[in-house]
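In numbering that gives the first Met the number 0, the protein residues as written are 0 to 149.
DEER-style ranges, computed between Cβ atoms:
1) Ile28 / Arg80: 22 to 28 angstroms
2) Val114 / Ile28: 18 to 24 angstroms
3) Ile98 / Phe32: 14 to 20 angstroms
4) Phe32 / Gly96: 14 to 20 angstroms
5) Pro129 / Asp54: 39 to 45 angstroms
6) Gly74 / Ser135: 19 to 25 angstroms
7) Gly104 / Asp48: 17 to 23 angstroms
8) Gly40 / Gly117: 42 to 48 angstroms
9) Gly82 / Asp48: 27 to 33 angstroms
10) Asn72 / Glu119: 29 to 35 angstroms
11) Thr116 / Ala29: 23 to 29 angstroms
12) Pro37 / Val114: 39 to 45 angstroms
13) Asp54 / Gly131: 42 to 48 angstroms
For the record, the hints were derived by calculation from the structure and aren't laboratory data. Everything numeric in this text was worked out from a predicted model, so none of it was measured. Beta carbons are placed, not taken as given, at the ideal position from N, Cα and C, and that holds for glycine.
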Amino acid sequence: MRLNSRFLLLLLLLWAGHGLAQGCSIRVIALQFGNYNPLFGGTLDATGDVFVTCDSAVPYSITIDAGIHSGGNFGSRRMERIGGGDFLTYNIFRDPGRIEIWGDGSGSTFVQAAVSTGIESRFIAYGRLPAGQNVSIGTYTDSLSVLVEW
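Just need the whole structure built from these sequences, with the hints factored in.
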């Protein structure tokens, strides 16, 4: 009788453990604006991709931090010129109209939420670099963290 009850307990622990083994993976294709000309007069738009694969029926959310040069300010993410000295202001949105800033849900930012179907899902990051920024010629970069929580 003890062997059976222990066996049943082991089966219950294995069953509960199976539910905890759910997981997700993420793959990101960086957003690249290309060449910026401050005399052009228009905004420069670009897109990047976030791909998420989770076990079936797993609810999850995707957040993007403010970047390493913005001081935590989602209203004006910034790229720094390699070698320092200048910054280009830009932002990332979760909608093609570029209205909803994709962030961590704080302030006026939005989080992308979904429920997995068990196959890879694509989310587009819509970037915008505003016109009229008087900066030096060079290469500008920023580093962002993309987090999937389930």
